[in-house]
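Novice: Let the sequences and hints guide you as you build the complete structure.
Number of protein chains: 2
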Amino acid sequence: MEFESFLVSLGTSAVIFVVLMLLFTWLSRRPGNVSVYYPNRILKGMDPWEGSSLTRNPFAWIREAFTSTEQDVVKLSGVDTAVYFVFLSTVLGIFALSALLLLPTLLPVSATDNSLKNSRSATDTTSNGTFSQLDNLSMANISKKSSRLWAFLGAVYWVSLVTYFMLWKAYKHVAALRAEALMSSEEVLPEQYAILVRDIPSPPKGETQKEFVDSYFREIYPETFYRSLVVTENSKKLARAEAVFAATSNRPTNKTGLLGLVGERVDSIDYYTKLINESVTKLEAEQRTVLAEKQQTAAVVFFTDRVTAALAAQSLHCQMVDKWTVTEAPEPRQIIWENLKIKFFSRIVRQYLIYFLVAITILFYMIPIAFVSAITTLGNLQKALPFIKPIVEIAFIRTILQSYLPQIALIVFLAMLPKFLMFLSKSEGIPSQSHAIRAASGKYFYFSVLNVFIGVTLAGSLFDNLKALEKKPNSIITVLATSLPKNATFFLTYVALKFFVGYGLELSRIIPLIIFHLKKKYLCKTEAEVKEAWYPGDLSYATRVPSDMLILTITFCYSVIAPLILVFGVIYFGLGWLILRNQALKVYVPSYESYGRMWPHIHTRILAALSLFQLVMFGYLGIKLFVWTTLLVPLIFISLIFGYVCRQKFYKGFEHTALEVACRELKQRPDLEEVFRAYIPHSLSTHKGDDHQFKGAMSRYQDYAAISAA
Amino acid sequence: MEFESFLVSLGTSAVIFVVLMLLFTWLSRRPGNVSVYYPNRILKGMDPWEGSSLTRNPFAWIREAFTSTEQDVVKLSGVDTAVYFVFLSTVLGIFALSALLLLPTLLPVSATDNSLKNSRSATDTTSNGTFSQLDNLSMANISKKSSRLWAFLGAVYWVSLVTYFMLWKAYKHVAALRAEALMSSEEVLPEQYAILVRDIPSPPKGETQKEFVDSYFREIYPETFYRSLVVTENSKKLARAEAVFAATSNRPTNKTGLLGLVGERVDSIDYYTKLINESVTKLEAEQRTVLAEKQQTAAVVFFTDRVTAALAAQSLHCQMVDKWTVTEAPEPRQIIWENLKIKFFSRIVRQYLIYFLVAITILFYMIPIAFVSAITTLGNLQKALPFIKPIVEIAFIRTILQSYLPQIALIVFLAMLPKFLMFLSKSEGIPSQSHAIRAASGKYFYFSVLNVFIGVTLAGSLFDNLKALEKKPNSIITVLATSLPKNATFFLTYVALKFFVGYGLELSRIIPLIIFHLKKKYLCKTEAEVKEAWYPGDLSYATRVPSDMLILTITFCYSVIAPLILVFGVIYFGLGWLILRNQALKVYVPSYESYGRMWPHIHTRILAALSLFQLVMFGYLGIKLFVWTTLLVPLIFISLIFGYVCRQKFYKGFEHTALEVACRELKQRPDLEEVFRAYIPHSLSTHKGDDHQFKGAMSRYQDYAAISAA
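For the protein sequence lines, the chains are A and B, in the order given.
Straight run, no breaks: the first sequence in UniProt numbering ends on number 710.
Straight run, no breaks: the second sequence in UniProt numbering ends on number 710.
Heads up, a few of these hints could be off.
Where chains are identical, the list cannot tell them apart; a pair therefore holds if satisfied intra-copy or between any two copies.
To be verified - 20 Å max Cα-Cα, derived EDC-like pairs, lysine to aspartate or glutamate:
1) 521 - 328
2) 323 - 180
3) 323 - 207
4) 172 - 322
5) 44 - 64
If you're looking for bench data, these hints aren't it; they were derived computationally from the structure.
Bear in mind that the values here come from a model prediction, so they are computed numbers and not experimental data.
Specialist: Take a look at the structure:
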């Protein structure tokens, strides 16, 4: 790419960004759009334009974002969002500190070596064969064996040390954040009083699952056991129906015609409510047999204090490890009910199977695409959908379809990938939404680094690679190292596009705005449907984190080869911090809270990216025939040891709730009835008055009271 | 080895065995030897000749061994011993079941193939170049590519399946044994009420370590915390002095002249007792500062019930994992006090360092021996010990010494190896004796399999190997497989020697008997010293288990190649079971109880031996050019999966105490004061009356009582 075209593309992106920002300033002040630009504030019951937003200063949101504290973020958007900002600011810090030393040293060192100018003819050191001003500022301009390479070796050390330092600080900070939230004395968090029990064995004859669970836990915790909630087929189905119910917010019984799908689900609410009512009657006659049969092998067990719940969640209950397995209870809203019944070894088998599937997907992701494009030829399409035949007959459309179908298949497949990975992660048998999202995000990270970054790098210079292969490079690392410098401008443009256009769209919310207005005009009839139309969802970490990670990996790998990318990295994470701060405070509504459990995953992946960078630099300095390249070997080991030490020191604190955290006293005594109710699907819990009707599915508080009185 | 010489060596061993057994029958009835042959019964306060031993039947002990139940073993020798018998009977079962099918099928199949006879000249298929009758009965007699090899392939499957079946049954049985012992309602086990806390951070200013620990645990367990015992320099030193004290059983103050060593230690008891007495006085004046300074970063914390202790031992206490680390408390008698203060990361570093050292030792164990023999030349010896010069001058002795010194160095080194491995294991920072023994036993197993078995096999047919290497075998496995058949008779003899001579010596206890009588006659003055002279020690698993494992590995590897070895394996483990049953019931006194924690280690190593067998057979069938050899590949994966499943299902139950086990109620309420006393070195705990004097080192029961009353 020529330097001019690079500047042009950069300029275009910048112009788009400015336009989108002006649009945001204009649109966000119109009262009709308030629910698109301030939904989080509205849902929190706050005045959307509170304070300075109404003043005429169009950049008031920037000041607001900068003046907001971490505590504000925790309060408005939860610990997970605060941890995401720790991630953004940590990476920002790494790149800023790196740039501080690398730009003033490496750029002059590169610019004053004239290796490229002197060897114009040597195509293997120029940017895709054409000379550009950017190359003067990169490591490609350094002659082989030059002693100037010491500066680049030192730079690798500097970037690594800065990363270790920032990561260590961040891990400590996040651990403190998590502890603070968990020991909160303000709020009663139902999940802190409960554990999730799975793999419950069959009860002895004459006992229901429920009685069995109760007696088991009452024997171990005679004083602190409160009650249990056995997961039933009904509660699962009800929970699903309930979700629809909650989404539509009031009973849309009058809308079965218009929204067929919702109408069907509405029927199911009716059906199960009727079923429950019927079974209540039967229960009195048949002694709980109906619900007992539908009881599954999982239960939520409640305790009277947080310490016991924290202790119980970490301890082995049964001598046989595959029975009575316990974990901390997820929040009620993020339990994946249908996964709870999956058995211990089945979960393990599923996990390995899915790891295998993902590895296959990553390595051969072109194959399903090719397969899809093969079956999506026009001929097949016509057979499957005969009604499109007349359209396809038109020559113009035919040509377009024939040439674009494979690309469309690719785009569709790539767009479906996050959903597919999420589906796979859920199939592992993971019991909570947040955990499934972490698993999917990890898979997506490896996919994007391997396919987008390495794939583009290698494919982008395929011919050069063939040349390089002829010279017999030692390994894939050498091939990668050879190909990297040639793609520097491509990735510079990519990062710039990401932050200008990506964050511009993010801030302006043009697409949600359009969708909202269309829906409002043509679809929504009730207030609840309008609310559904503007409901913003959460930050969607499953795709956001891996996409940031890709930028991080790219910036790391080029940070020494073409230090200019650090400026782009700083802008990406700085702008990201600013714009997402606004979005977190005003727009997105978190759909779960995992108290920063995302952090260890983020940490590991940053370290993985750093290690890739160190490997690539090892390869590239090797290509430059620098004899001191081996000095990088200790660095790679330091990365491994650093990761190991961090894992040893911090990870268990994220896996479990530490007891010194759980033992802090609450301001008021928790209402245990409330805690228990939080886990019952909504339509069940409205039957508050007639508790005794659900003896089969709920614990008998009376029994407990009788025992604790004894 | 010729067949005749094999028979001769077998006959000799058998004769030695018979002689030793007759000696046992005669010696064990002499009243003067009763303390050598029945020490366990004496120490348990039972009549040594109770029941039938006094009748004239010289084989009464055999009937007694057979009629004893597992419960007898548990009662007289503990769960660990019972688990060792499960190991012996499981291996016996594996070999017996294997022999049942393999002997009637494989022997005829081998004997009727005349490959060896027909190819007398082909030296690479005969036993070290000489033909022997034994080879007729081995796989070596089968021609290449013969379809008879199917029988041998099937045999590998049969042996493996039998092993899986027996191991699964045994693991379940041992788990039940462990659970039963831990849920015992008869006995109060102090270690079930305590946890071991390490890596305690520095207390805040103005607080002692003791107060800090107390307040930390009281906050988490307000109702079930009993008190704590901070480990002090003094208690450590006292414990050591105490051990000497216990060993000599009464104060041998009159013996400082004769037993210089013991005398010195006696002084230390005096010294520390004096020190404590002094500090008690100081305490009243100086407010605990003296003991506080000597307090270390470890403590034993006591709870009022077993469930809380079990819960606490498994749970994360501090958000930072490297602080306040907890484990189940070891028995008081097996705590390695000096290891308790070693820090978290220091333990990890030590562990890896020692793994590295052991790997080096295993791989290059000849190097230190060569080094030792180099410095133990006569010249050096003369310099170091000038007084031996006149002896060495004698030509005859000089010749002998010169030729045997290297061998002596080897023998000394091999004899020192278990002690060296035990020293290494203790240096890892392991807090309990039993754990250190497991670690040492594991190291010894790998050493003996790699050096003795594989070493002998490869070295024993070095020239053949060179030939084999010329033919370019694929791997070490192929080389090993080629060498195995030629060493069949060597290992048959080895196993026979082990069971005839080894178990003969074990049963007859000739050496302990001689040592006892010598000591009694020339050294012992007091009753206590006589007791020390006959005190038998425990079964010493650290060397016994690895040595059994070596026999097991040998038998496994030859079971299909030369099925006759199965007979020898059955005799080894059958005879071992019988003789050790006698020794466990009457002789050995267990020095600790780990409730079968040895089992997972034994299990893993049996599986490792099985996998080696499968690999060797894969190599050997490959050498026989059998095309269906690849059918063994699934078997190797099945072994891995079997090991993984067992680990998942059972291991955690051996690592921790399962709560359903800990929650069983005791017959009587435990005396917590007794539990606490069990962990104080004996000379301290005699100060029962004046508890208040040790305020610095012990918890204040008064404070606890005040709090629990509130």
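Novice: Looking back at the hints listed earlier, which ones does the structure fail to meet?
Specialist: Violated hint: only 1; rest satisfied.
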